[in-house]
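Chemist: These protein sequence lines map, in sequence, to chains B and R. Note that our numbering numbers the first sequence so that position 54 is 54, with each residue one more than the last. Note that our numbering numbers the second sequence so that position 37 is 37, with each residue one more than the last.
Keep in mind the hints are simulated off the structure, nothing from the lab. Just so it is clear, the structure is predicted and the values come from calculations on it, not from any experiment. Keep in mind that the hints are not guaranteed to be accurate.
[What the hints assert, rightly or not] One-sided excerpt, in silico: chain B residues whose CB lies under 10 angstroms from chain R:
| no. | residue |
| --- | --- |
| 1 | Gly34 |
| 2 | Asp75 |
| 3 | Ile106 |
[Claimed, not checked] As a list, the in silico BS3-like pairs of lysine-lysine whose alpha-carbon atoms are at most 30 angstroms apart:
| no. | chain 1 | residue 1 | chain 2 | residue 2 |
| --- | --- | --- | --- | --- |
| 4 | R | Lys244 | R | Lys187 |
| 5 | R | Lys161 | B | Lys102 |
| 6 | R | Lys10 | B | Lys102 |
| 7 | R | Lys176 | B | Lys13 |
| 8 | B | Lys102 | B | Lys91 |
| 9 | B | Lys12 | R | Lys76 |
| 10 | B | Lys91 | R | Lys176 |
| 11 | R | Lys161 | B | Lys87 |
| 12 | R | Lys269 | B | Lys84 |
| 13 | B | Lys87 | R | Lys268 |
| 14 | R | Lys48 | R | Lys161 |
| 15 | B | Lys124 | R | Lys176 |
| 16 | B | Lys102 | R | Lys269 |
| 17 | R | Lys71 | B | Lys12 |
[Stated by the list, open to error] Which chain B residues stay away from chain R? Per the calculated CB distances, all over 12 angstroms, these:
| no. | residue |
| --- | --- |
| 18 | Ile19 |
| 19 | Ser24 |
| 20 | Tyr40 |
| 21 | Asn50 |
| 22 | Arg57 |
| 23 | Lys124 |
Think of the CB as a built atom: it goes at the ideal place given N, C-alpha and C, for glycine as much as any other residue.
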Amino acid sequence: MAIFKKKPDLDKKDALLCIPEKNSLVEETYLDSGDLILSYPALYKPFFMNIQKIIRRNPQATFLRKIQLDRLGIDVWLLLDGKKNVKTLIKEFAVLHTLNYKEAEISVTLFLRSLGEKGVIGIKEP
Amino acid sequence: MLKENDPLPKTIAWNGIALNVPLTWEIDSLDTTHLLIGEDGSPKVEIKWTDSPSRFTLETYLKRFISQSQKRLTIKIHELPTPRSFSHPEKNFEFFFFSWTSTSSTGNGVLIFCSLCKRLTMIRFFSDSRIDPPSLPALILMSFTDHPPSDQTHWQVFDLKFSTPRSFELLEYSFKPGCYIINVKHKKTIQTIFSWGPASFLLTRTSLSEFASQRLPQLKGLANTGVCIRGNYLEWSYRPARFKNAQILPFLSRYSLFTVFRICHDQKKNRILGVMVDSPLRFEHDLIKGSMIGDL
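Working from the sequences, and respecting the hints, build out all of it.
Modeler: This is how it looks when you write it as structure tokens:
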């Protein structure tokens, strides 16, 4: 008998109803080119933490990581308000750029996944 | 054009077949002889077709097709009688209705054999509703065609809509967000359809000419300009060499292709559309003129 049951994977229908939320520690800086820099604290990996302990007196647990968003990325970022679900974001992004729903769906979900992996956003289940 | 109050306002046309579906249905996956259409990740209808061999009897051909489909899709197929009130505008179709069951779901479907183009098509609905008019499956079925009614093959997928001469067959395709490419071929003439988007983003820091040169570095010479049905276009005509420095060997020039490429920014659709024709015989300007970015 399994003691630790694995949480069942979300199917696509449920995943589209999830609500992405921005990490409150993210800082935004606009460049002259119109691009947006997102800065957020990230944890050092244990290997680099150990090296820090050897070479520094006051080793720090985090460092500032930055990612640069182009205009399409900024449009998705600005749509994130912590209330809209993924499906609504896709629809609004598709309307904003006159895109087909399927094309917008692939672009937005891939982008949100990459932001989620970096810890820039979190995903709330409905 | 979308029709008001039409339950099936959207047309999907791919590699010779065409059908109408509800507005919210989208293509989930496609192949040269397969389409899976769904809504919010749930499959709604699946279409699989095959061209008949040169010599066959319909009975054995049907049996083999059903057997292969059952194995490939891991479903069980049970024959159903033809609904009494069902009739289709295409008189060359023969229908074989069935129900199907798999471990997780059930539904109804139909096998269609066209005596004109000898194509056999299986349409599988992921719902138990009967294929009786005016049910949704029956309406979809009545809109289905498996060969173009004219000398042009109509294509309509993911907001990309165009026609090609009927003799052209699908060679390759690629649908990536921001870039669709479809290649069709007739004898040694290859027509390539491009659609890039969103144009307002792609053309923010570059001109249409620079964009074309970035995407297709093989373009040579100066572009002609003009106005087509979708707006202003740029057009290149050149004869690419088969390999580097091939042009210094005059006898090789007869093996080089005649290439015409037209690109246009469709501001209404926010797309950049391109059509390229490679032909061994001549510059195929007529194909370009009759394309989705053809002349006014």
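Chemist: If a hint holds in the structure, say so; if it doesn't, say that too.
Modeler: We went through each hint and held it up to the structure:
{"no.": "1", "hint": "Gly34", "result": "holds (8 angstroms)"}
{"no.": "2", "hint": "Asp75", "result": "holds (9 angstroms)"}
{"no.": "3", "hint": "Ile106", "result": "holds (5 angstroms)"}
{"no.": "4", "hint": "R/Lys244 with R/Lys187", "result": "holds (26 angstroms)"}
{"no.": "5", "hint": "R/Lys161 with B/Lys102", "result": "holds (15 angstroms)"}
{"no.": "6", "hint": "R/Lys10 with B/Lys102", "result": "holds (14 angstroms)"}
{"no.": "7", "hint": "R/Lys176 with B/Lys13", "result": "holds (22 angstroms)"}
{"no.": "8", "hint": "B/Lys102 with B/Lys91", "result": "holds (10 angstroms)"}
{"no.": "9", "hint": "B/Lys12 with R/Lys76", "result": "holds (26 angstroms)"}
{"no.": "10", "hint": "B/Lys91 with R/Lys176", "result": "holds (18 angstroms)"}
{"no.": "11", "hint": "R/Lys161 with B/Lys87", "result": "holds (25 angstroms)"}
{"no.": "12", "hint": "R/Lys269 with B/Lys84", "result": "holds (26 angstroms)"}
{"no.": "13", "hint": "B/Lys87 with R/Lys268", "result": "holds (24 angstroms)"}
{"no.": "14", "hint": "R/Lys48 with R/Lys161", "result": "holds (21 angstroms)"}
{"no.": "15", "hint": "B/Lys124 with R/Lys176", "result": "holds (28 angstroms)"}
{"no.": "16", "hint": "B/Lys102 with R/Lys269", "result": "holds (15 angstroms)"}
{"no.": "17", "hint": "R/Lys71 with B/Lys12", "result": "holds (26 angstroms)"}
{"no.": "18", "hint": "Ile19", "result": "holds (16 angstroms)"}
{"no.": "19", "hint": "Ser24", "result": "holds (29 angstroms)"}
{"no.": "20", "hint": "Tyr40", "result": "holds (25 angstroms)"}
{"no.": "21", "hint": "Asn50", "result": "holds (41 angstroms)"}
{"no.": "22", "hint": "Arg57", "result": "holds (46 angstroms)"}
{"no.": "23", "hint": "Lys124", "result": "holds (19 angstroms)"}
Going down the numbered hints, you'll see the structure goes against none, and every one checks out.
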